[in-house]
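Residue-level listing of the chains:
There are 2 protein chains.
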Amino acid sequence: MLRSCEVQLANVGAHCRNARFRRLRSVEQQRFFSASGKGQKRPRQEDTKGVTATKSADFATWYTQVITRSEMVEYYDVSGCYILRPWSFSIWQQVSRWLDDKIQALGVQNAYFPCFVSQEALRTEEEHLEDFAPEVAWVTKSGTSDLTKPIAIRPTSETIMYPAFAKWIRSYRDLPLQLNQWTNVVRWEFKQPTPFLRTREFLWQEGHTAHATEEEASDVVRTALELYAQAYTDLLALPVIKGVKSSEERFAGSVYTETLEGFIPATGRGIQAATSHYLGQNFARMFGIRFEDVSGHKHFVHQTCWGFTTRCIGIMIMVHGDDKGLVLPPFVAPTQVILIPIPARKDGAGVEARCAELATALKDRGIRCEVDARQTYSPGWKFNWWEMKGVPIRLEVGPKDMAQGTCRLVRRFDGSKQDVDQSQLATLIPAELDYIHAAMLEKATTQRDEGIATVTRWDEVMPTLQQKKLILAPWCESAASEAEIKSRTKEVAPEAAAAGENASILTGAMKSLCIPLTQGPMPPGTKCFVTGEPAKRWALFGRSY
Amino acid sequence: MLRSCEVQLANVGAHCRNARFRRLRSVEQQRFFSASGKGQKRPRQEDTKGVTATKSADFATWYTQVITRSEMVEYYDVSGCYILRPWSFSIWQQVSRWLDDKIQALGVQNAYFPCFVSQEALRTEEEHLEDFAPEVAWVTKSGTSDLTKPIAIRPTSETIMYPAFAKWIRSYRDLPLQLNQWTNVVRWEFKQPTPFLRTREFLWQEGHTAHATEEEASDVVRTALELYAQAYTDLLALPVIKGVKSSEERFAGSVYTETLEGFIPATGRGIQAATSHYLGQNFARMFGIRFEDVSGHKHFVHQTCWGFTTRCIGIMIMVHGDDKGLVLPPFVAPTQVILIPIPARKDGAGVEARCAELATALKDRGIRCEVDARQTYSPGWKFNWWEMKGVPIRLEVGPKDMAQGTCRLVRRFDGSKQDVDQSQLATLIPAELDYIHAAMLEKATTQRDEGIATVTRWDEVMPTLQQKKLILAPWCESAASEAEIKSRTKEVAPEAAAAGENASILTGAMKSLCIPLTQGPMPPGTKCFVTGEPAKRWALFGRSY
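Chains as they are written, first to last, in full-length UniProt numbering: chain U, 1 to 545; chain W, 1 to 545.
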């Protein structure tokens, strides 16, 4: 990897409180920063790239810079595949352990099904297959020998699991059968890949359940959706809209698909955040999954499936990140507090020792806390570095702080600064993390709300899309109108491209995102904004990822 | 799935304390058990298969019955792949969460690298590839289109990770780089597959680290081995022998391989339980992984890698299991205590309510505890069922127990029974679990020790192998002698097959398992048991999996 030194700006080290304000000015002007501390010999390879692109002017470049320079992702030599480095994987582990505990608390059990599926099993469900067939990766050789039959890698596991369901379920006593697994899945898509959002391999959790009744299955569909919504709001500080997909947009083979839809303010696009499907008896019929009730009568089971993926990390980055880099929500941040000693000329060791003590006290309270005591980087470099990495709270301890028993607390998300007593940190920090989480969620919710326009006439659609907004409109819900919406909004793409967006990763056409579960009042006689037919419900539309 | 009712024996329900002894006799005679309680209509499909094969007479059939009938594994229509059902996956999750916490506590960070590897990257390391090449599964198509170049699925991740290591490591400040991932891997082996022990897809953890010095790397190799040994002894109640592999048996591309070797008394075979490798600078040279020291000089890094797989579950089953089925070590058992209400004719509800109370009290103490209150199965059926499932402790609560405030505690591993006060359960059960763990480990250790014979002359080898023992012998450690050992012991295979073993899953030839780290004294002038040359160290040999 070539580590060129592009714009190398002056040493921005702030070695003491007095230097802080100088630093703040210089940071505004510079985006690349170097390892150099005061008077240190500067090894060239330590010159570190900051984020230079701005989120508003060049979103695609900004995103690429943020995820690579903050060390979340490394590019890889197989197209569409990316390395999740510890900084991003740790976030996934926070979210997945939380979800895993919640899922198991519902009585759902973890299992592991093979990643391979035979051609026969995959073909059992034609409608389902049709949806995935073009994206299925096929293994045809082992070593130098051809396999007798090609074997697919799971794009999702219905066809892998449901033959086993048919074996295991005989009686009502075997129900509900509720399984979950955390796996990698492979979908060999040909749209431009985007790390986290659209990748050929990704990580997910997939829950699959079978029930005696539709009611029970529907409850699980909704419960899973609620869990996912909690993960977004309570961990990732991201607002989501709960809704149901239109018939055209639902999962192949499902009766209905419930969904969480997110919003990326910078591009004005919606994004599917997680889905939960009621499969009805469709798969049960295909795979012969039947149970005998108390009276000895046989019935097909009612099934659900629901999934949550590493995509959530991409949404988190796109919504919260700013021109300095990542802004991590406190409850998933790998490091919640970074302590930076600002050594005095004479007594550097004292400051470091104090930082270590404070860190220990915070760790004892369950705070994920680190001290950056590296000698080869200046405090100013460290400020920039941890800001780019998105750590929610920075604590600076300098010589004056040592004398006064204070430290400076800097919030990443709004840049606010306060001097606080060291003795109060153990109670203050948890409250700060709560506050930051709430404030980030509120900010994102406000942006999201401002990003949705209510539209009742077709001629308002294009101007609204051009303002980077989603559209909430009364809709007749016909398949024909859905097709019409797409075709009539397609011409927008070139303009979007001209406006600086990477058109190749963004489809230009608007489509239905969901019919929100929470519906506002619809006056009698309201017409569909597309067809003029009587509207059924308010639906959310937009360009999307 | 055909659910034939083979030998249907009489109702073995034991509805009250008095019936217990009758039941115990009848259980001895029967191996299949039915769902029928007293006078209940018996639905045919509930007739449940117990384990009929005996571990000593037909080990292969016994193993297959145990893993399928206890619901650990379901067979699958892709050869060499198996479904890990919740009963086995839960054990994996216990072990993997424990190991994951320990690994991260060492400062190793979790990441996720793609499952795909390009032909070019795979070819970078020829010696390494040679070892895996025949087992590599190749993706050549997506949908109906051919890929421009075939892409391999990871058999292990050196070639996937190390190009990134070369990018990330520039300076001594970037070291140590210590990463770990939990993934599936694919090795398309053509030996007869055996669930858990040899499967074409399996789950594992792989740690990969890079260091400035050999000392530091060696420390990590040993630390990982110690962790694995702890997982075996402290969680799975299995003794392991720490050793180093011979040059012929070490991991391709490593300088040396440290290993844990287990022992399966029923077959007299050794089994590799986990390995930890010092790679030296071999891979660093191939992939150009260099760092600059403080003085600006460049050096290749010293690397390690180490892995722990789902194989551990197979070893656990094979060592601890008995003719009734699984015997699970308490600290990994998905359910540690099963409470079985034995309802009185008049007041069934009282017994059940008491069981629920007791279970709540135990769960509050962190015990994994369930009540089997199913109405459609008799207590006797439940006793058999949970014995086959290997649950460490059964608590029976009957009408007399209700009056006396007692319950009967039955240990799975030795079948011992005691009547205990309900009020003491919360303190008694944790102590019982500790005792059972220690006793299981001790029993397995004794069997293992008895299964190793010290041999100094070649003519003792065959008789010892035929006694189902491993061999500890003075060895010259030459490659020629290793080959000679294999060829001279090969002829044993047909005899093993005749003795009832499934020869196809067991190689007949003896090979070196390890050179134990703990060496007994070797008198001066001791000769190698194969070549008669001067012996270097005591080494462990045996047939193996």
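Hints may be right or wrong, so weigh each one.
Identical chains share a label here; the pair holds if one copy fits it or two copies do between them.
Said to hold, decoys possible - In silico BS3-like pairs for lysine-lysine, Cα to Cα no more than 30 Å straight-line: (1) K363 - K102; (2) K511 - K400; (3) K468 - K400; (4) K191 - K141; (5) K141 - K468; (6) K191 - K149; (7) K298 - K511; (8) K167 - K324; (9) K141 - K298; (10) K167 - K511; (11) K346 - K242; (12) K298 - K486; (13) K486 - K102.
Quick caveat, the hints were computed from the structure, so don't treat them as lab data. Computed from a predicted model, the values in this text were never measured in an experiment.
* **Enumerated hints in conflict with the structure, sorted upward** => 2, 3, 5, 7, 9, 10, 11, 12 and 13
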